[in-house]
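Each protein sequence line maps, in turn, to chains A and B. If you count by numbering that gives the first Met the number 0, then the first sequence holds residues 0 to 303, one letter each, in order. If you count by numbering that gives the first Met the number 0, then the second sequence holds residues 0 to 303, one letter each, in order.
Incorrect hints may appear among the rest.
No distinction is drawn between identical chains; accordingly, a pair holds when it is met within one copy or between any pair of copies.
As the list claims (entries may be wrong) - No more than 20 Å apart at the CA atoms, straight line, and that leaves these computed lysine to aspartate or glutamate pairs for DMTMM-like:
(1) LYS290 / ASP54
(2) LYS290 / GLU244
(3) LYS122 / GLU88
(4) LYS276 / GLU212
(5) LYS97 / GLU8
(6) LYS122 / ASP30
The hints are simulated quantities; they were obtained by calculation from the structure and are not laboratory data.
Below are the chains, spelled out letter by letter.
2 protein chains.
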Amino acid sequence: MTTESAFVELMRNIAIDPSARGLLDDTAVIDFGDQSLVLTHDMMAEGVHWRSNADPADVAWKLVASNLSDLAAKGARPLGVLLGFMLGEDEWDRKFSKGLKEILDRYGVSLLGGDTVSNRGDKRALGLTAIGMATHRPVPSRDGAQIGDSVYVTGTLGDALAGFELIDAGFDEVGSLASAYNRPVPRLAEGQALAPIVHAMMDISDGLLIDVERMARASRVGVTIDLSAIPLSPLYVSYRTNSQESRLQAASWGDDYELLFAARDATLPVPVTCVGKFTDGAGLTLTDGEKQIPLPPSLGYQHH
Amino acid sequence: MTTESAFVELMRNIAIDPSARGLLDDTAVIDFGDQSLVLTHDMMAEGVHWRSNADPADVAWKLVASNLSDLAAKGARPLGVLLGFMLGEDEWDRKFSKGLKEILDRYGVSLLGGDTVSNRGDKRALGLTAIGMATHRPVPSRDGAQIGDSVYVTGTLGDALAGFELIDAGFDEVGSLASAYNRPVPRLAEGQALAPIVHAMMDISDGLLIDVERMARASRVGVTIDLSAIPLSPLYVSYRTNSQESRLQAASWGDDYELLFAARDATLPVPVTCVGKFTDGAGLTLTDGEKQIPLPPSLGYQHH
Numbered sequence: 000m001t002t003e004s005a006f007v008e009l010m011r012n013i014a015i016d017p018s019a020r021g022l023l024d025d026t027a028v029i030d031f032g033d034q035s036l037v038l039t040h041d042m043m044a045e046g047v048h049w050r051s052n053a054d055p056a057d058v059a060w061k062l063v064a065s066n067l068s069d070l071a072a073k074g075a076r077p078l079g080v081l082l083g084f085m086l087g088e089d090e091w092d093r094k095f096s097k098g099l100k101e102i103l104d105r106y107g108v109s110l111l112g113g114d115t116v117s118n119r120g121d122k123r124a125l126g127l128t129a130i131g132m133a134t135h136r137p138v139p140s141r142d143g144a145q146i147g148d149s150v151y152v153t154g155t156l157g158d159a160l161a162g163f164e165l166i167d168a169g170f171d172e173v174g175s176l177a178s179a180y181n182r183p184v185p186r187l188a189e190g191q192a193l194a195p196i197v198h199a200m201m202d203i204s205d206g207l208l209i210d211v212e213r214m215a216r217a218s219r220v221g222v223t224i225d226l227s228a229i230p231l232s233p234l235y236v237s238y239r240t241n242s243q244e245s246r247l248q249a250a251s252w253g254d255d256y257e258l259l260f261a262a263r264d265a266t267l268p269v270p271v272t273c274v275g276k277f278t279d280g281a282g283l284t285l286t287d288g289e290k291q292i293p294l295p296p297s298l299g300y301q302h303h
Numbered sequence: 000m001t002t003e004s005a006f007v008e009l010m011r012n013i014a015i016d017p018s019a020r021g022l023l024d025d026t027a028v029i030d031f032g033d034q035s036l037v038l039t040h041d042m043m044a045e046g047v048h049w050r051s052n053a054d055p056a057d058v059a060w061k062l063v064a065s066n067l068s069d070l071a072a073k074g075a076r077p078l079g080v081l082l083g084f085m086l087g088e089d090e091w092d093r094k095f096s097k098g099l100k101e102i103l104d105r106y107g108v109s110l111l112g113g114d115t116v117s118n119r120g121d122k123r124a125l126g127l128t129a130i131g132m133a134t135h136r137p138v139p140s141r142d143g144a145q146i147g148d149s150v151y152v153t154g155t156l157g158d159a160l161a162g163f164e165l166i167d168a169g170f171d172e173v174g175s176l177a178s179a180y181n182r183p184v185p186r187l188a189e190g191q192a193l194a195p196i197v198h199a200m201m202d203i204s205d206g207l208l209i210d211v212e213r214m215a216r217a218s219r220v221g222v223t224i225d226l227s228a229i230p231l232s233p234l235y236v237s238y239r240t241n242s243q244e245s246r247l248q249a250a251s252w253g254d255d256y257e258l259l260f261a262a263r264d265a266t267l268p269v270p271v272t273c274v275g276k277f278t279d280g281a282g283l284t285l286t287d288g289e290k291q292i293p294l295p296p297s298l299g300y301q302h303h
């Protein structure tokens, strides 16, 4: 099977318009006079992005949230979404539409259109396109991190991982950790507040380590992450401890959808945690406090 | 399984923004100051929209063409597309990307972004979002046909049907008829020329009869179609004759992607054929010349 990186390489030869940002960013940015439109499309597949027994309302939530999170990382205000929906069993589809309405209502986003297809395969696939309006220009990209910038993240990391494990182990009532996995919160307000200040910004969809390494590579700088600084929630710590191993996992697991950004040290408009520094050179260096430690075999989720 | 109409009904309760046009149109229209952005999303699934042995380059062509055709019906100039791609076998993916480049180059459209997912099912699904800029405002919709307007279509109908049958019968070299099916031509220039003149416009994706009936219903008028006026190509006639049955099939088969519009009789800027009239009352009436004939059991392709 073609790997994602091989296919994106093929696509890069086609995506020559500057709006495509060389497919190096999570969104396309189209400038219109004095406004910029931000566009993103995510696809999710049964058995890859959700289990067959997942609550369809959660599937809808996550499909929308992951796209809104991409808009958040551009400081964009969402205008609406288009849905590509594969029809299936009645009850599943009704629950899905309920979850869809919930998240769209929550964030004041409108369904603008889309398409339905019948399902002749055994697994469903869904697509969502989100359209937003930039609230600040230039629109933040991945490639602007500068040597000496700090690495910041919003919120806490690892809660989605802990939630996934609890669900996987068969716990139904797992409260906010399961919620972190099933119903991630797109950081829209934070993204808009941060857009004027950051040098680079993206959301953490595949894991902090892999995503910050991508940001450093796109920006042609190096980066050092201090594991001891990774923000963990009290619930995460009570469930998975505060060990180096536990922090390492929180830093290399996706699905948290927190924002990751590069900025100078300054008073920042929203609560964030500094977890490292962009440096001269290239690549990712990991420390635990002052002490350098080896990189784990996997930095995060790699799409196949 | 949920039917398309039942699901769209569920979605209509969510799609309350005026930009969604009540999900009655093929596109969403977002107004920005003095400009309008037109957005459409189509999904295609293996086994539903293409056969497993189809040329992947044709699949890519049709995926893009069907979306550009929706933009054409709004008189929009395409700005770019976002692709949702399910990864698969290397050679298929390479051929697909070649076909994608061909059609994007042909119409000067850029790939702006998108997403890839692995395929854990047995059939692939693909999604495409096309973004265009309206060249005329108000942007034509389905619901503006007026009593006394003529029904016009661009090009000829039925060629895609004849092409499909030839391919189905195992003919490889079937020239322009197979092309009509595999590589439909989005009527972008025609749509832009017609947008200032029409009262309503849409593309014929499911069949003239079913689509004109939808236009009449949305416009709260009746419509009469004269089968004897259906424009047929010489190749279509040589292959399938010029009988009433043959015309009826040409009028109730989709995939031609010609434009269908309502306008007063006037000098029109592009070659078109008048095939009927919007009338007082409701519903579709069919004639063959002067003589009224019964409606066929199916007016066109119904999505399930």
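Against the structure, the hints:
In this assembly of identical chains, the alpha carbons of LYS290 and ASP54 never lie at most 20 Å apart, being 43 Å within a copy and 56 Å across copies at closest. In the homo-oligomer, the alpha carbons of LYS290 and GLU244 lie at most 20 Å apart inside one protomer (15 Å), although the nearest pairing across protomers, at 82 Å, exceeds that limit. In the homo-oligomer, the alpha carbons of LYS122 and GLU88 lie at most 20 Å apart both inside one protomer (12 Å) and across protomers (18 Å), since each shortest distance falls under that limit. With identical chains, the CA atoms of LYS276 and GLU212 are at most 20 Å apart within one copy only, with a shortest distance of 12 Å there and 63 Å across copies.
Proximity of LYS97 and GLU8 under a CA criterion of 20 Å is satisfied inter-copy only: 13 Å between copies versus 38 Å inside one chain copy. Taking CA atoms no more than 20 Å apart as the test, LYS122 paired with ASP30 passes in neither setting, with 38 Å inside one copy and 37 Å between copies.
Of the numbered hints given earlier, the model fails hints 1 and 6; all others are met.
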